[in-house]
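The residues making up each chain are set out below.
Number of protein chains: 2
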Amino acid sequence: MRNLDEDNITRAVLAMHARAQSVRLKQVMTSLVQHLHAFARDVQLTEAEWFEGIQFLTNVGHITTDVRQEFILLSDTLGLSMLVTALNNKKPRECTEATVFGPFHVEGSPHFELGEDVSEGVLGEPCFVKGCIVGLDDEPVPRAELQVWQADATGMYDVQYDALPDGTHEHHARGTLNADERGQFHFRTVRAEAYPIPHDGPVGRMLEALGRHPWRPAHLHFMITAPGYERLITHVFREGDKYLDSDAVFGVRSSLITKWIEHPAGETPDGGHSETAFYTMDFRFVLNPLAVQGELPVRRKRASATRAT
Amino acid sequence: MRNLDEDNITRAVLAMHARAQSVRLKQVMTSLVQHLHAFARDVQLTEAEWFEGIQFLTNVGHITTDVRQEFILLSDTLGLSMLVTALNNKKPRECTEATVFGPFHVEGSPHFELGEDVSEGVLGEPCFVKGCIVGLDDEPVPRAELQVWQADATGMYDVQYDALPDGTHEHHARGTLNADERGQFHFRTVRAEAYPIPHDGPVGRMLEALGRHPWRPAHLHFMITAPGYERLITHVFREGDKYLDSDAVFGVRSSLITKWIEHPAGETPDGGHSETAFYTMDFRFVLNPLAVQGELPVRRKRASATRAT
Chain W
1 MRNLDEDNIT RAVLAMHARA QSVRLKQVMT SLVQHLHAFA RDVQLTEAEW
51 FEGIQFLTNV GHITTDVRQE FILLSDTLGL SMLVTALNNK KPRECTEATV
101 FGPFHVEGSP HFELGEDVSE GVLGEPCFVK GCIVGLDDEP VPRAELQVWQ
151 ADATGMYDVQ YDALPDGTHE HHARGTLNAD ERGQFHFRTV RAEAYPIPHD
201 GPVGRMLEAL GRHPWRPAHL HFMITAPGYE RLITHVFREG DKYLDSDAVF
251 GVRSSLITKW IEHPAGETPD GGHSETAFYT MDFRFVLNPL AVQGELPVRR
301 KRASATRAT
Chain F
1001 MRNLDEDNIT RAVLAMHARA QSVRLKQVMT SLVQHLHAFA RDVQLTEAEW
1051 FEGIQFLTNV GHITTDVRQE FILLSDTLGL SMLVTALNNK KPRECTEATV
1101 FGPFHVEGSP HFELGEDVSE GVLGEPCFVK GCIVGLDDEP VPRAELQVWQ
1151 ADATGMYDVQ YDALPDGTHE HHARGTLNAD ERGQFHFRTV RAEAYPIPHD
1201 GPVGRMLEAL GRHPWRPAHL HFMITAPGYE RLITHVFREG DKYLDSDAVF
1251 GVRSSLITKW IEHPAGETPD GGHSETAFYT MDFRFVLNPL AVQGELPVRR
1301 KRASATRAT
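Quick note, the sequences are listed as chains W and F, same order.
For the first sequence, the numbering used here assigns the number 1 to the initial residue and increments by one for each residue that follows.
For the second sequence, the numbering used here assigns the number 1001 to the initial residue and increments by one for each residue that follows.
Among the hints, erroneous ones may be present.
What the hints assert, rightly or not - List time: in silico SDA-like cross-link candidates among lysine to any residue, alpha-carbon distance up to 25 Å:
| # | chain 1 | residue 1 | chain 2 | residue 2 |
| --- | --- | --- | --- | --- |
| 1 | W | Lys-242 | W | Pro-126 |
| 2 | F | Lys-1242 | F | Ala-1194 |
| 3 | F | Lys-1026 | W | Glu-208 |
| 4 | W | Lys-26 | F | Ser-1246 |
| 5 | F | Lys-1242 | W | Ala-15 |
| 6 | F | Lys-1090 | W | Glu-52 |
If you're looking for bench data, these hints aren't it; they were derived computationally from the structure.
Just so it is clear, the structure is predicted and the values come from calculations on it, not from any experiment.
Using the sequences and the accompanying hints, generate a full structural model.
Here you go:
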């Protein structure tokens, strides 16, 4: 393994992986090395460009913290996240589609009772969200757990504000709820608004150099889990948003767009009263049942191969 | 640009780069996105694997400091660095070959006079290095600048030791010298030894999972610059080292291997006396003349196309 050149180095690197701990790791790294090398050969990458790449990744690493995930932003803006979502969420057409996870989910958001206000007073127009969670045969999914999270009216998630003196970020405009026995849920929040992804770092500079804007159309994040069903990570998008066709992270799906209906000041869905106009949004989520062990998931696009026994 | 799936997302991402600031950036990013997506499709990357990748890069970013460059280690161990070196250092066969830069070069190393000891007392067996720097027609390259750097007998570079109280690392076993008017140089140092690349971080864990060792064969780094010649970044390797055929960063070239000759205790090449055995090493560097403006670099492997005037 001496005198490697552009033609034989890829084979030499892969030969070093003969004793990899797992077959899958070896498979993934084989493809990664092949594509990484093919990229460098295709563009005849210069040494200066290579070094710029090293510096770019170093900057991405250094701006990344517990609450800012610039590598996820990078993956999102290069379309990798949406591609991985698409590859891993093949399911019957009737099911609610998945979209990108994004960098702003926080584990352990506070639990709310149905009807409560998850916004915790952040800036924004009042919005009453309701919906139901069903399975493929329209059966209600009782007590399904919903995690919701969103930006406030200034386009910021809670974790983007300076931390409190104890280093934490209060949970604002995010929460965990459980649907009722009929799979129905409702809560209060603020209207989701379009916002730019954080663009004061290396990914923002990359977008600028590529002549791209950093905006995402208004959306509310949902992660829904229930025993017997595939976890669903998705957004609901607001109809009419001007960025629906140029989402910086390529996440928009037509089936996830719905109306946020405006109502004049007056009585609100929770029986209260609003001094200002408010909004309502209603969405029906259809979960994909998990295949029962031993039973072939026949409704999936890519069914497992039948094995002779 | 909605409802992107695994088949059309790559085209959609590339369409967003229509207004990129430079043609070259657009070209590089087009290939990068194509290969990144093809990788994910080829291996049908799972969401869990994607997240493991995000965490891996985050860890690489967080261990990287001014003096520890884990992204370069990653590039080196995946063979990307040697590939980029090979792509960018095509030159006549008579010229000294280039090899990887590595992560341990430091800008502004102290200047030494010919004959001085650059080791600054690090652990190791005494070694007297000499050589000459010539061009393709064997013409001496007067006053060529050499930067040299190496690990000590324990396999550590100075920057790998804890920093001094002022945050700096003293320069040890590295220095800058100028050849004399005849292109000749000599200095004292310690014998280069084989060493493992830093493997207490994410790249080390990657190598372990791939069943690879982290060792590099003994070598001394050189960066040689002189007006009128291409800069040469290379190593000289020590003949007989057991890692010459399994260098963790794929950098060995037969033409760069030479004997470190052992001598018994006694008179040293600088007229001094050694109480212990010592070593000598002698290497002739052949630089590639820069193409004179307007003149075609005919001796290069890939000559520019002749243009009709």
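**Item:** Hint numbers not upheld by this structure, sorted from lowest to highest
**Value:** none
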